[in-house]
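Residue numbers (the working numbering), protein chains in the order written: chain A, 486 to 820; chain B, 111 to 564; chain C, 316 to 654.
The reader is advised that the hints may include incorrect statements.
Claimed, not checked - Each computed SDA-like pair below joins lysine to any residue, with the alpha-carbon atoms no more than 20 Å apart:
#1 A:LYS661 with C:PRO383
#2 C:LYS578 with B:GLU272
#3 A:LYS812 with C:ASN422
#4 B:LYS263 with C:GLN616
#5 A:LYS812 with C:ALA435
Hints in this document: simulated from the structure, not taken from any laboratory.
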Amino acid sequence: MVENQKNIPFAFRHFTPEALRRALRKMHLIRLFEEGAEESYMRGLIHGTMHLSIGQEASAVASCMELTDADKITSTHRGHGHCIAKGADVGRMFAEFFGKETGYCHGRGGSMHIADVKTGNLGANGIVGGGLPIAVGAALTARRLGRDDVTVCFFGDGANNEGAFHEALNMAAIWKLPVIFVCENNRYGMSTPATYATAVKNIADRAVAYAMPGITVDGNDFSAVAEAMHTAVARARAGEGPSLIESLTYRWRGHSKSDRNRYRSKDEIEDWMSRDPIMRFRTDLIAHGVLDAAGAEAIEAEAKAAVAAGIDFARESPSPAITDVTKFVHAEAAA
Amino acid sequence: MPVEVIMPKVDMDMAAGKLAVWHVAEGEVVKKGAALFDIETDKAAMEVEAPATGRLHHILAVPGVTVPVGAPIAFIYAEGEAVGPAPATAAGQPAEAALAAAAPPGAEVAVAASAAVATPETEVEGLRATPAARRLAREAALALEVLSGTGPKGRIQRSDVEAEIARRRQPPLPAGSGPAPGTVEARPLSRVEPVAPVDWEPQPGGLHVTTRKGTGTPLLLVHGFAADSFGWRPLEEALPRDLPLIRIDLPSHGRSPLRQIGGFADLARALVQAFDRLGDGPVHLLGHSLGGALALALADIRPRRIRSLSLIAPAGLGPEIDGAALNGIARASCTESLTPWLKRLTARPAGISDDFARAAMLGRIDPGLRAAQQDMARALFPDGVQAFDLTAAVERVAMPALMVWGRDDHILPWRQALAAPGEVALHLLKGVGHVPHLEDPETVAGLIARHLAA
Amino acid sequence: MNAQTLFPEVQQREMSFAEAIRDAMAIALERDPTVILMGEDIGVYGGAFQVTGDLIERFGADRVIDTPISELGGAGVAVGAALTGLKPIFEFQFSDFAALAMEQIVNQAAKLRYMLGGEAAVPVVFRMPSGSGTGAAAQHSQSFEAWFGHVPGLKVVQPSTPADAKGLLLAALEDPDPVIIFEHKLLYKMKGPVPLGHYTTPIGKAAVVREGSAVTIVASAIMVHRALEAAAELAKEGIEAEVIDLRSVRPIDRATIIASVRKTGKLVCVYEGVRTLGVGAEISALIAESEAFDYLDAPIQRLGGAEAPIPYNPDLERAAVPQTPDILSVVRRLVRGEV
Numbered sequence: 486m487v488e489n490q491k492n493i494p495f496a497f498r499h500f501t502p503e504a505l506r507r508a509l510r511k512m513h514l515i516r517l518f519e520e521g522a523e524e525s526y527m528r529g530l531i532h533g534t535m536h537l538s539i540g541q542e543a544s545a546v547a548s549c550m551e552l553t554d555a556d557k558i559t560s561t562h563r564g565h566g567h568c569i570a571k572g573a574d575v576g577r578m579f580a581e582f583f584g585k586e587t588g589y590c591h592g593r594g595g596s597m598h599i600a601d602v603k604t605g606n607l608g609a610n611g612i613v614g615g616g617l618p619i620a621v622g623a624a625l626t627a628r629r630l631g632r633d634d635v636t637v638c639f640f641g642d643g644a645n646n647e648g649a650f651h652e653a654l655n656m657a658a659i660w661k662l663p664v665i666f667v668c669e670n671n672r673y674g675m676s677t678p679a680t681y682a683t684a685v686k687n688i689a690d691r692a693v694a695y696a697m698p699g700i701t702v703d704g705n706d707f708s709a710v711a712e713a714m715h716t717a718v719a720r721a722r723a724g725e726g727p728s729l730i731e732s733l734t735y736r737w738r739g740h741s742k743s744d745r746n747r748y749r750s751k752d753e754i755e756d757w758m759s760r761d762p763i764m765r766f767r768t769d770l771i772a773h774g775v776l777d778a779a780g781a782e783a784i785e786a787e788a789k790a791a792v793a794a795g796i797d798f799a800r801e802s803p804s805p806a807i808t809d810v811t812k813f814v815h816a817e818a819a820a
Numbered sequence: 111m112p113v114e115v116i117m118p119k120v121d122m123d124m125a126a127g128k129l130a131v132w133h134v135a136e137g138e139v140v141k142k143g144a145a146l147f148d149i150e151t152d153k154a155a156m157e158v159e160a161p162a163t164g165r166l167h168h169i170l171a172v173p174g175v176t177v178p179v180g181a182p183i184a185f186i187y188a189e190g191e192a193v194g195p196a197p198a199t200a201a202g203q204p205a206e207a208a209l210a211a212a213a214p215p216g217a218e219v220a221v222a223a224s225a226a227v228a229t230p231e232t233e234v235e236g237l238r239a240t241p242a243a244r245r246l247a248r249e250a251a252l253a254l255e256v257l258s259g260t261g262p263k264g265r266i267q268r269s270d271v272e273a274e275i276a277r278r279r280q281p282p283l284p285a286g287s288g289p290a291p292g293t294v295e296a297r298p299l300s301r302v303e304p305v306a307p308v309d310w311e312p313q314p315g316g317l318h319v320t321t322r323k324g325t326g327t328p329l330l331l332v333h334g335f336a337a338d339s340f341g342w343r344p345l346e347e348a349l350p351r352d353l354p355l356i357r358i359d360l361p362s363h364g365r366s367p368l369r370q371i372g373g374f375a376d377l378a379r380a381l382v383q384a385f386d387r388l389g390d391g392p393v394h395l396l397g398h399s400l401g402g403a404l405a406l407a408l409a410d411i412r413p414r415r416i417r418s419l420s421l422i423a424p425a426g427l428g429p430e431i432d433g434a435a436l437n438g439i440a441r442a443s444c445t446e447s448l449t450p451w452l453k454r455l456t457a458r459p460a461g462i463s464d465d466f467a468r469a470a471m472l473g474r475i476d477p478g479l480r481a482a483q484q485d486m487a488r489a490l491f492p493d494g495v496q497a498f499d500l501t502a503a504v505e506r507v508a509m510p511a512l513m514v515w516g517r518d519d520h521i522l523p524w525r526q527a528l529a530a531p532g533e534v535a536l537h538l539l540k541g542v543g544h545v546p547h548l549e550d551p552e553t554v555a556g557l558i559a560r561h562l563a564a
Numbered sequence: 316m317n318a319q320t321l322f323p324e325v326q327q328r329e330m331s332f333a334e335a336i337r338d339a340m341a342i343a344l345e346r347d348p349t350v351i352l353m354g355e356d357i358g359v360y361g362g363a364f365q366v367t368g369d370l371i372e373r374f375g376a377d378r379v380i381d382t383p384i385s386e387l388g389g390a391g392v393a394v395g396a397a398l399t400g401l402k403p404i405f406e407f408q409f410s411d412f413a414a415l416a417m418e419q420i421v422n423q424a425a426k427l428r429y430m431l432g433g434e435a436a437v438p439v440v441f442r443m444p445s446g447s448g449t450g451a452a453a454q455h456s457q458s459f460e461a462w463f464g465h466v467p468g469l470k471v472v473q474p475s476t477p478a479d480a481k482g483l484l485l486a487a488l489e490d491p492d493p494v495i496i497f498e499h500k501l502l503y504k505m506k507g508p509v510p511l512g513h514y515t516t517p518i519g520k521a522a523v524v525r526e527g528s529a530v531t532i533v534a535s536a537i538m539v540h541r542a543l544e545a546a547a548e549l550a551k552e553g554i555e556a557e558v559i560d561l562r563s564v565r566p567i568d569r570a571t572i573i574a575s576v577r578k579t580g581k582l583v584c585v586y587e588g589v590r591t592l593g594v595g596a597e598i599s600a601l602i603a604e605s606e607a608f609d610y611l612d613a614p615i616q617r618l619g620g621a622e623a624p625i626p627y628n629p630d631l632e633r634a635a636v637p638q639t640p641d642i643l644s645v646v647r648r649l650v651r652g653e654v
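Only chain A is shown next, with the shape it has when bound in the complex:
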């Protein structure tokens, strides 16, 4: 029995089949949401640019597996996956993309600022490294208020060269704050390879400088990410301080809609696409008897329907009143 257990990956030992099926559904939702957004963009329904995380779904979903609504995340410009992983509704997300009043930010934020404070998502951030100190602050709040909430701070490989990264990790470490820094290393900061821009081999190596555990995992391996997160979250909840997890992954699409992919080869992209994290997870789920092929199809179909309904909801939603351009700058004056 024990020997058997050892051969079973962490996720399939640790999570209930229901939780694993929900994880698959979220991964499909992320993929389909972004594909739907991409298509809407091409149809001219969305006027801003967007940063797609297609190919990184396992990392986002696995990182949020053990989080409750009381736990916080800070996200990045490539944050749709984190948002859905933390429990956001794709209809309100689409509405935000479409700039509608029913969107998460009432049309004021768009793709780059989607947040859902009620589910603990403190928001995507348009500034590389912008969320790092904020995550430390959120962890400080939890400490000060005596709660055992943790904060997961998502950022990319580009952010690890921002001063904010170093200041934030240092402060989280000296104060032993319950924060998990998750670096989704998708190999490029826009066009600049992380291997060029970063002095250390692994970004996780930087944890040493801040006296915290640092681990590099295959970000397309759902279970590997989930296992590393499990350890880090437990450490944080126990008051032992922060951790740094480097999640190696890859974005299939360009940096944004204006990317012409001049800095990477077709072969490289296709190689990564052949290692699709969703198909990998789905295969593993079937292999471990969590679901069968028909069940998997049903989950994908359900996600497809949710995305279609979300787009309809967004299209039919009202736009904000033009006269409300300064609404939400400050708190409404108390009546």
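Please arrange chains B and C on chain A, whose structure you already have, making use of the hints.
Same frame as chain A, now just chains B and C:
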């Protein structure tokens, strides 16, 4: 070593000054203390005296040029000193030296030229007025063009409009009840004033003085009864353009304060006081009618400062006067009642146009002013008789004098000119009435210009 | 029945500007467990200007938190804490160092509520010792109020008295949005009466600190004192100047300034920040755009900091920002109609 002539600092935060005019030409002799050049600052024109006696050379700044304070603008060479190339100058002229070269404090009483008559003598600029002045003028239906500004560069300020309103004693028209604001032409000038006699209060302050800049000795203008300085305008335009002018509004006339006048002596005293405040430089003097009488008095009291005297139909040389016309003009409260009396002023009634009459009424719109002038007329011309006599003064005239009279003067008969001694040049103009400077300004200006040049 | 009703005469006490701020922070820490202090050397050192003083002894290191020398990170931690339920008061050692934290103040704190469609609030207070006069030269003497005043989402105040320093800080803590308080370093030792206990000075409200009819002087921070000094001197010459303590740069109190200029017809703005594109430009523009325009009887005058970094040499340093004689001179010229 020649003496450096610099642009002096005459104002606390003056960094540069604009050279207005040189009073001495290149190579001419100048005496230390004599007027050398004028500068214009934000506040006023200021005369600068020569720092040394000698010949002026190397004029480096021409009129209109702005020169930094302390910069040399010319050099004065002692008589006989060899004139070489313009010397290099020591930087950093001490401020004391610069200040020493500044004009005497007396020069400050010269008031900025009024905006209304500024056009001929200054570069064309839009009318300057503060928003507050514009608003007040708008509310009072006053045209800003008739005001003179006391602010920098003649800017009309709130106080200027308030003073004008106070002078006119005219309550602002209720909004919406009158004509469009700011359109003087549309004002109901012929509105009938209340019949009850108007009380008026004497006002403080000195006589109103305006100037026109130019070159050389200025001509001081003294207007007649019930007129004001604006009446000189046709003559001014006919006179040489660079002739500097000083205009004085008599008490209870134009923009001068209302004053109680017991008799001619009071009026003469007020004029002398105003004259003394102008500084101590010489002037040519010109007066018309009552202003002629006053000019005679002034020439008698301050003969040393009067280079020449010009009199147009002066009063005071005989008892006869058309008292009815004077009282009628002083009393008239609307254009319709004013016009018939005005028509007595010229040789032929057609000489007074409707426009002229309307403009004249506008200048007399203040009932307080009219009441004060009626009182003045009673004091000066009781029972239609000139109650003052200047025949003795005309006998004593010490400076070159000129008299111009219209042969068809209905107000003062030209034969009163015969009271003048033989030294006074007498010009009797045919087909001209009591106001030759309005009826034939070119002829009058020509006579005066020749007289001043002599 | 509290002490004040028992002893109504003991309602205020003479305090220095720094003491008044400390008093406000102590009251806030006492009243509200979510209030924390953050900043460099605010603990046992007591703050670079001894403003936090002994608060660490009274409230402990959990609530009076020394940060590493990490302005960007520190400010960001304060923003994150505010976003999630705390009310941090973050002290910059010098306002100049806020330039290191522009990202968190301008891109994050100021915008989060808006970007998130009103679904979040960042009730953080940034305290910034500012201004020249200490011989600290170019990087420790600046006045950045116009910079931050340019950012929607921020509120920016500049107290000039101990009482307002306390009242505005307590108001800032009650405000659900980020507030930046510029504290002029030369005012820290200034004493004045300060009401005891909790009270607030409204943000966005200027104070007419001297009434007059001849000219309106709108001044901020230490310039208020220079303006009042000038006004007293001018009164001897028969010139009654009205002095307005701006107190709040954003939102700016349009109504008070407009009402005053309508009355006087003349406006002088006195502020320490660089003259060009500064607070005075905003005040001038709001008058030019308002109904007070028709009451202006002279050009508006601005007295601001020199177009130069703050120099070290004491004479140069004084010359770089408006002093009382500068105010006297400009008002005299304005009232005499010389400008």
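Under the constraints set out in the numbered hints, which ones does this structure not fulfil? none
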